[in-house]
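Participant: Each chain is listed here by its residues.
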Amino acid sequence: METLVANPKLDIRQHNFDFRGTASEYFRIWIVNLLLSIITIGIYTAWAKVRRLRYFYGNTFLDGHNFEYHGRPIQILIGRIIIIGIIVVINVLTQVNPLFGLLILPYLIALPWLINKAIGFNARMTSYRNVRFSFKGSYWGAFGVFVAMPIAAAMTAGLLGPVSSQLSSNYIGNRLKFGTAKFRTDAPLGALYGNWGVTIVFTLIVTAIAGSAGFGIGTVLSGFNTLAYTGTNGDIAEFLTAAPGISGIIGAYAALFLAFIFYSAGVRNLALNATTLEGGHALQSSISRLQYVWIAFSNFVLTLLTLSLMRPWAAIRSWRYLMANSAILAASSLDNFVDEAMPDGNVAAAEYLDIEGIDFGL
Amino acid sequence: MIEGRYFPPNASRSTAAKLWGISGDLRLHVEGDSEPSRPKLVLLSDRLGSVPRKFTFEDGGVFEAPANADVDGLMGSHGSFFSRVSRLEASWRFAAVAVFLTFGLLFSLYRYGLPVAASAAAVVTPSGLVELMDSGSLETIDRVFFSPSKLDDSRKREVQAVFDSLALASGNNSPPLKLEFRDGGRLDANAFALPGGTIVITDQLLELSKSEDEYAGVLAHEIGHVQNRHQLQQIYRLLGISFMIGLVGGDSSQLIDQVVSQAATLQSLAYTREFERDADKRSVEIMLKAGRNPIAFIALLERITKDIPGAQKTSWLSSHPGNEDRKKSVTEIAKTLNWDGQ
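Protein sequence lines, in the order shown, are assigned to chains A and B.
Quick note, this note's numbering runs 1108 ahead of the 1-based positions in the first sequence.
By this note's numbering, the letter at position 263 of the second sequence is numbered 247, and the numbering carries on one by one without gaps.
Wrong hints could be hidden among the right ones.
Incomplete in silico selection of chain A near chain B, CB under 8 Å [what the hints assert, rightly or not]:
#1 F1135
#2 S1145
#3 T1153
#4 R1159
#5 E1176
#6 R1237
#7 F1408
#8 T1411
#9 L1442
#10 D1443
#11 I1463
The set of hints was computed from the structure by calculation and includes no laboratory data.
Where a beta carbon is used, it is the ideal one built from N, C-alpha and C, also for glycine.
Just chain B, same shape as in the assembly:
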């Protein structure tokens, strides 16, 4: 028997009451009533710390058990899910285990689970959607930054031929690669790849190139981004990070939210640098296969970025590795692939 208090339907005035019986056949005796009633239970609040548990009956009346009452004993519900959870919640030993498990799981999810899941998701993304992303992004960038290329047709054919030879050397035609020429406008000397295989190169970048190999290296780098699906992986990794933040941040203050989102931005830059190194590596492979100089494009990058402070060094705030690091790592990769230095 539990001694508690009873609220009649829709009213805030409570009366002392007793509840007994078994689950499914309860007896409620409200003080002042002559007879106990047999109310039909519709909802019993789950066990949680020392929060008083409430029995809600069919007519809207509520019986409130005091904090220390053995409700599970009365209802025979010791084995119910939340009674078990609540016993875990009461145990310091389990809490200690849970702390280790939680940190371990979060770390491995972030360190290993996320990249694997992101690259799997990138592979299964429908190609139709990716093509839509290409045309949509190009349209937007055209409207905001670019104007049509001012190169003459013979120059375009020349660059296109280099591009085709690189595409062939890359030995993989999924997704299909496509080259676009644009006047860079405010973006100046630049090249970038869209996830669906569209690679854009600006007139200004071609003008700055002193040899075919220089811009070919840049094109091969962009082909690397496309074939390793870096843009899609980036999107999925960032989605995964915000999901993880949502997972653990259910009860966090606004200040903490701010710090975490700033940290996520830094993390996305780290991802970008990782992908840039990866694309550099792929560029070296493609260039060697096409019989070209794999480190020539570094000279072009140095020319482009010579006026930008900080572009020579890698830092935790940069989107690309610094030129010095790039030159070193690109040369090393080339050497391991038996490049003779010519």
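Okay, chain A solo, but in the shape it has when bound:
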């Protein structure tokens, strides 16, 4: 049997991630997914999800080999049915007695378990070169990182945000494995605070620009109202009068979202650059925060303007950008990894986080 020993004489080779999917190919897969999902009143969404993820993973190459998504549609469908059933029951209970809506405590108690099992499932369903990823969570670790720390960060008005980011990056990174090889993440706190500071400056500038642009557009609209609008349609007149305030608020709201994307992009760089894989390999991420914000923003505008027809293009564009700016510095050949048997996580937990839109990128 081969043992894994890093050989210092071997020179380190950089392998860039390479995404080979195209927007035109994915558009047709996307629209077929959508149509079949509607015709089957949602049942096909499980198959659609598998095809979407297989398309993205399967076209992502590293050192001449692609990734693979192994989730099985039936399994995902069952997970979805369980989660939708639970959501419906909770909704009915809330209708019967609104006080049920306040039962946040059981939810917070279940959340760490859900997150562990979801990350576990998603890792286990991903392979590269016939070797699967795995994740082993701990309840109290996840409780501290995903429940206690976000609350602490919110209570300190974001002051502890970088600490929260550091702990969650480290938690995920240190519990992830590729076959038998362990990842290690040690995200630097100082740099995370630096990223946080730059984000605040970015937020102030963008809020000022977006807020006043919104207000300006609104003012022009309402000026149009007083000057030219003499119709009797109350809706339009009222909308025009309220326009400066409303579009100012929308502008500021959008700015906060962009700030969040800016911050997360910085955290991704710092976390991945501080991550190594057993065998002397190191990960690399070099996305530009401003460019990534621009991609997210223009994707959003184009998706909205085209009634989502540009969504496939947008999805391909941001994934390609992320992959083009990610790499692995390999100390030796990537041929020597060995897979091991691990539990599969829980599909319902993964589907819950998916439905709620909670996402922990690898």
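For this one, chain A is given, so just place chain B on it according to the hints.
Facilitator: The following block gives chain B in isolation, referenced to the frame of chain A:
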């Protein structure tokens, strides 16, 4: 024969290999081996764009076919479901058709399917559940807003008699109607209906009424909500909308999710306004049948909302139609039902 590469079980090191034979009896020759083996196939990944397809064998070994390999030819699986889907996915002509079909289906589902499904669901909802909803909601609202009514018994009997006459005039006793008196507290002058037939009226609303017909119109409006099952329909329509959002939003960004959920809130307000107009219409019918003035309650509404800016006009942000619109439409409905204006 397909030339690809082979991964031994649980290992990341691949070797060039050849796969041939027929489905069910495959031969695999890994470079360096003296003899081809006869592996047992357990899983073959579906065809999807140009993603390389992978054969997983019983022992965990994997053969990877290159992107351009004719795997369906080897396996005789051109007719399999995902080979067909994958041919649809390759066709621009079908994509164009699919765009039209998708938009058409989504629109008609939303415009026609949802309201019909919601009202059907409202009718078949078990009455036991609806009664539970009533008692639970009333208990909560009592705890949060209301205190017991301070009206004396003779006044209560008087209002109850008006309510009973309206219930009789409505000609329909399903679900059974029940009147509750409360001191409105922070909710002040108000009246509302719960889906199971419980109608709550506050002391303050009765105090503001200058005639029996004024509060009777409000009660008839609430009876309209109950009999047309508006609250249940609202619940089901909103459930339907979130289901539809989930259906189409499998792959959407967080920003888009935000916009869509805001739009859904506006849509729920539009539904509420639709139901309010419907209840107004029902109120007019019941009031005429009971021989009362069907537009008197508008004066009461104007009195209640006179200090609330914007209550006179309908807008896309309001939960109820504006008073001006209501007065106009209520008068029109009354006229079409041969009301003589007295």
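Participant: Against this structure, judge whether each hint is valid.
Facilitator: Structure-based check of all given hints:
1. Restraint check, A:F1135 versus chain B: the minimum CB separation of about 7 Å is within 8 Å; hint holds.
2. This hint holds: A:S1145 has a C-beta 6 Å from the nearest C-beta of chain B, less than the 8 Å allowed.
3. The interface hint given for A:T1153 holds, since its Cβ lies 6 Å from the closest Cβ of chain B, which is under the 8 Å cut-off.
4. Because the closest C-beta pair between A:R1159 and chain B is about 6 Å apart, less than 8 Å, the hint holds.
5. For A:E1176, the interface hint holds, since its Cβ comes within 8 Å of a Cβ in chain B; the closest pair sits about 7 Å apart.
6. Among the interface hints, the one on A:R1237 holds; its C-beta lies about 4 Å from the nearest C-beta in chain B, closer than the 8 Å criterion.
7. Checking A:F1408 against chain B: minimum C-beta separation of about 4 Å stays under 8 Å; hint holds.
8. For A:T1411, the shortest C-beta to C-beta distance to chain B is roughly 6 Å, which falls under 8 Å, so the interface hint holds.
9. At about 6 Å, the closest approach between the beta carbon of A:L1442 and any beta carbon in chain B falls short of 8 Å, and the interface hint on this residue holds.
10. Annotation: A:D1443 was flagged as interfacial toward chain B, and the flag holds, the nearest CB pair being 4 Å apart, inside 8 Å.
11. Checking A:I1463 against chain B: minimum C-beta separation of about 7 Å stays under 8 Å; hint holds.
In terms of the numbered hints stated before, the structure departs from none.
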